[in-house]
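Sequences are here, hints too, so could you generate the full structure?
Below, each chain spelled out in residue letters.
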Amino acid sequence: GEDVEQSLFLSVREGDSSVINCTYTDSSSTYLYWYKQEPGAGLQLLTYIFSNMDMKQDQRLTVLLNKKDKHLSLRIADTQTGDSAIYFCAAVSGGYNKLIFGAGTRLAVHP
Amino acid sequence: NAGVTQTPKFQVLKTGQSMTLQCAQDMNHEYMSWYRQDPGMGLRLIHYSVGAGITDQGEVPNGYNVSRSTTEDFPLRLLSAAPSQTSVYFCASSRQGAEDEQYFGPGTRLTVT
Numbered sequence: 001g002e003d004v005e006q007s008l009f010l011s012v013r014e015g016d017s018s019v020i021n022c023t024y025t026d027s028s029s030t031y032l033y034w035y036k037q038e039p040g041a042g043l044q045l046l047t048y049i050f051s052n053m054d055m056k057q058d059q060r061l062t063v064l065l066n067k068k069d070k071h072l073s074l075r076i077a078d079t080q081t082g083d084s085a086i087y088f089c090a091a092v093s094g095g096y097n098k099l100i101f102g103a104g105t106r107l108a109v110h111p
Numbered sequence: 112n113a114g115v116t117q118t119p120k121f122q123v124l125k126t127g128q129s130m131t132l133q134c135a136q137d138m139n140h141e142y143m144s145w146y147r148q149d150p151g152m153g154l155r156l157i158h159y160s161v162g163a164g165i166t167d168q169g170e171v172p173n174g175y176n177v178s179r180s181t182t183e184d185f186p187l188r189l190l191s192a193a194p195s196q197t198s199v200y201f202c203a204s205s206r207q208g209a210e211d212e213q214y215f216g217p218g219t220r221l222t223v224t
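Top to bottom, those sequences are chains W and S.
1 is the number of the first residue of the first sequence in my numbering; add one for each residue after it.
112 is the number of the first residue of the second sequence in my numbering; add one for each residue after it.
Hints are supplied without guarantee of correctness; some may be wrong.
Claimed, not checked - Here are some chain S residues the structure puts well away from chain W; computed CB gaps all over 10 Å: (1) THR118; (2) GLN133; (3) THR182; (4) GLU183; (5) GLN213; (6) THR222.
What the hints assert, rightly or not - In the DSBU-like style, the derived pairs of lysine-lysine whose C-alpha atoms are separated by at most 30 Å in a straight line are: (7) LYS36(W) <-> LYS98(W); (8) LYS56(W) <-> LYS68(W); (9) LYS98(W) <-> LYS68(W); (10) LYS120(S) <-> LYS98(W); (11) LYS67(W) <-> LYS98(W); (12) LYS120(S) <-> LYS36(W).
Treat the hints as calculated values from the structure; they're not laboratory data.
The beta-carbon is built from N, C-alpha and C at its ideal position, and this holds for glycine as well.
Okay, structure coming up:
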């Protein structure tokens, strides 16, 4: 089945760019997702990328996909204190109707 | 629309007790799922359902039962609570399947002593 891994913590200065990385194992995953969890809340879809794309840009967010290495990244430009949250990478397990999440990366933004 | 609602928000159980976590959605979504969130382990899928009358196991189904008698409701039952089931539980729903945007409930924080 699918396995999704990501680092647990990232600390950045306000105004800098943040890059959160993720690796996955199932090369047949059609869509890959980034969800955001703010303190005390459920998750919300931030953005996603279709597996036949290399890059997707959405305002301050850029998603890069390297299918060969099964590596996904989320770049947040001009990171603000309001971006402090846990960011989860997720992929659908190929052939199964299951969405598998990584452990989540806690992003801390400091002045 | 209320979206996805979960009750209770908090619960403390003693080892061996049973209880049901409630989840309901008013978006007419076919797909519903339950996750548990533990520090350092992210969200792990417990059970999911692709429609009324159909359920299937996720990554960590042991100790939990589900049923889906209606489109709206997807309760999660703990048969005999254990301390290892202390966690935050999230219910989610989507239009048709795992590839669609998942809408999450606010979570239930469960402590088993």
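Here's how the hints hold up against the structure:
Every Cβ of chain W is farther than 10 Å from the Cβ of THR118(S); the closest lies at roughly 14 Å, confirming the non-interface assignment. The claim that GLN133(S) is not at the interface with chain W holds, since no C-beta of that chain comes within 10 Å of its own (minimum 15 Å). With a closest Cβ-Cβ approach of about 16 Å to chain W, THR182(S) is found to remain outside the 10 Å limit, as its non-interface label requires. Interface exclusion of GLU183(S) from chain W stands, the closest Cβ pair being 18 Å apart, more than 10 Å.
The claim that GLN213(S) lies off the interface is violated: its Cβ sits roughly 6 Å from the closest Cβ of chain W, which falls inside the 10 Å cut-off. At the 10 Å boundary, the C-beta of THR222(S) stays outside the reach of chain W, the nearest C-beta of that chain being 16 Å off. At most 30 Å may separate the alpha-carbon atoms for a hinted pair to count; LYS36(W) and LYS98(W) meet this at roughly 19 Å. A C-alpha spacing of about 17 Å is found between LYS56(W) and LYS68(W), which places the hinted pair at or below 30 Å, so the restraint holds.
A hinted pair counts as satisfied when its Cα atoms are at most 30 Å apart, and LYS98(W) with LYS68(W) qualifies at roughly 22 Å. Simply put, LYS120(S) and LYS98(W) have alpha-carbon atoms about 25 Å apart, close enough for the 30 Å limit, and the pair holds. Taken as a hint, the LYS67(W) and LYS98(W) pair is honoured in the structure, with Cα atoms around 20 Å apart against an allowance of 30 Å. With a C-alpha separation of about 20 Å, the suggested pairing of LYS120(S) with LYS36(W) holds against the 30 Å cut-off.
Comparing the model with each earlier hint shows a violation of hint 5 alone; every other hint is respected.
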